[in-house]
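There are 2 protein chains.
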Amino acid sequence: MVKPNAFYAQSGGVTAVINASACGVIETARKNKNRIGKVFAGRFGILGALKEELIDTSKESRQAIASLRSTPSGAFGSCRYKLRSIEENAREYHRLIEVFRAHDIRYFFYNGGGDSQDTAHKISQIGAALDYPITCIGIPKTVDNDLPFTDTSPGFGSVAKYVAISTREAALDVASMCESSTKVFILEVMGRHAGWIAAAGALAQEKRGDPPHIVLVPEVPFSKAAFLGKVRKTVKSTGYCVIVVSEGARYSDGRFVADSGSKDAFGHTQLGGVAPTIAAMIKDKLGYKYHWAVADYLQRSARHVASATDVRQAYAVGAAAVEFALAGKNSVMPTIVRLSDQPYRWKIGEAKLAKVANVERKMPRNFITKDGFGITARAKRYLAPLIEGEDYPAYKNGLPVYVKLRNQLVRPKLAPFKVD
Amino acid sequence: MVKPNAFYAQSGGVTAVINASACGVIETARKNKNRIGKVFAGRFGILGALKEELIDTSKESRQAIASLRSTPSGAFGSCRYKLRSIEENAREYHRLIEVFRAHDIRYFFYNGGGDSQDTAHKISQIGAALDYPITCIGIPKTVDNDLPFTDTSPGFGSVAKYVAISTREAALDVASMCESSTKVFILEVMGRHAGWIAAAGALAQEKRGDPPHIVLVPEVPFSKAAFLGKVRKTVKSTGYCVIVVSEGARYSDGRFVADSGSKDAFGHTQLGGVAPTIAAMIKDKLGYKYHWAVADYLQRSARHVASATDVRQAYAVGAAAVEFALAGKNSVMPTIVRLSDQPYRWKIGEAKLAKVANVERKMPRNFITKDGFGITARAKRYLAPLIEGEDYPAYKNGLPVYVKLRNQLVRPKLAPFKVD
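Chains as they are written, first to last, in the working numbering: chain S, 549 to 968; chain B, 549 to 968.
Chain S with its partners taken away, still in its complex shape (with noise of 0.2 Å):
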């Protein structure tokens, strides 16, 4: 008996741990050869299927797979490519069954965040349509963290992790300046629409005063002068100021701090850097001399020192996706169920995709203290758990060791399609 083959796929931007949820699929399914044929993925993301561009994983050994625990980014490549509404590409939706069918393709994983389990549900209602069954299963992933239904979102735990270390580390930096030299350090975090990795850097506080003594997210309106006022009262004080803003900090009236009028040498506006501007209000209202980071694909990447939490958690629902699609479940999302704070228990759940898709999760009001520079205790205590443990990757020469697959694709079967 021939048995039904499986596509994977990673979407939207990648973590440091997408690549373990990956394992977690490879081996579980190789775990269940008896009823899972080849797992196929796809080389940049749905862009693969859509083009027949199949990577063959079982052309990579054991090990290759099991390294993909401890490698960041898209091992198989990934893409921002959203499907629009079916009504509008039915074109692009007939392909992917068509394809999925040429390959004799039931499983469907597709490991991203809002967008892409909106896709994955899609494709199993298109799929039943078209009288071609296929299981669909979300994977969640996502830095921002803001997938409904999950306690947390793989790759969240780890850039949390990695802006927690980095503003602990560079917080003694600025300490150890500031009496002759810098005055206020600012890091720039991702987070265009939520504040949970600037968050994340309150994390590097013992106790009540320690830094970063003002974190900027996107759900508080920003007032140049409050801040201003919190920057100059903080050094005054304490000598030093340290700063985390997320990338998407915005007026009340919605335009990001980043897009406030700055020019560059073309004349374009703004070079991109909310951390740039304010530490430019800073200078120009305050005159404390200041240095500023932006840690962009840094923080996401940093599989160095990723959370062995986010790691675990990471590779559960990639396992949990294919024993989902054996158990007979469809068009459902495995999640993170949080048990308890401390210790910090878990177990898999799962969301129903109709229901993940395009849902966006923010922090909640009682995470951020009253005037809006910090969070409370109760966000402490949701996030502290979420950078527990270090899970390091094998060393060579100094440098952490990264698998590169062979990535060999499948022969393709039907004619090309071009993407619009």
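Just so you know, the hints here were simulated from the structure itself, not pulled from any lab data. Just so you know, not all the hints are guaranteed correct.
One copy or two, it doesn't matter: identical chains are merged, so the pair holds either way.
Said to hold, decoys possible - Computed cross-link-like contacts, SDA-like style, restricted to lysine to any residue with a CA-CA straight-line distance of at most 20 Å:
#	residue 1	residue 2
1	K755	K952
2	K944	P891
3	K961	I645
Chain S is fixed; fit chain B onto it per the hints.
Using the frame of chain S, we list chain B on its own:
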């Protein structure tokens, strides 16, 4: 018999391992209690001596001092304060000798870069002239790796490791995303005058063609046309392009690339940052989607991923400084002498402060590839051993444990002194 005391100060920009040198000084002094009384540390470096703010390190537990080995930045505080020439500033040199005399300080250990070695040398001269002989030993430290006569400067190896790891990780990220999103990633690193740190980014390469594809250093004049040509060619052939750039990259006329006419929202010349500046060039001329990161303090405080080699050397030069002093040496600095590349073997040597002072070591031309965009095999042979080995700090609650000293000040004996 009352034993003479020692004074130790941290100077200039701090590093991930300068406290390991402090640990070497204090632990070695404690082992020689029969000859050295107390070790006083300057609060905020040499300013602490001028202001008679002396930290009594004998109040710190053995465990606290041991923990300095794994704590980044300057535990006693550092400063950017350069003593001018003796002629210009006799007042301050006299004050230093007065403070040393008041506290029976006969050993002066100064942990810093070229300027600090110069200061240590001058203090030794002025002490002799004022009939207060004081043994002055410099301890090398600088992330810039620009001190002469030493194979490397403690602090550099850990930044190099951080930059190499971050480059490898971020490169995997952009490689995952490049099909439909980011095609160029730029990492800005320290190095105002020399490109050592940016060069270390190239250690991320395992084989020819691996990222980073372009390394920009101050030693090679920046040519916009050649640079953009290289970016375009790399994206065409590889699909993406990773760039590591020194903050000090400059044009042939000496202008910093970062200082290329950008205006911030307040009309000030640029916000700082060569990364956003070259990102804007790429966007403007080639249209590629880009991301950029500025590592800033994160790179030099990243004790969580310090080089074990660097930590050992930092400790060793601290310990050697005390041993030199006890052996009757004066006005010298312990150095690292390389005995072989692979395996890397080294020993402690010494250099005369008079010769070290104010000599800046740039990268030799034969460390840089002919096209100016990469480093040679010779450079890698030099750099590779410096990042070898991991030396992880202890963790608690998912975060590294960094010691906070009591830093108890000695009661002043002199009238207050105003630092100019």
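Requested in this report: Output the numbers, in ascending order, of every earlier hint that fails for this structure.
Outcome: The structure breaks none of the hints.
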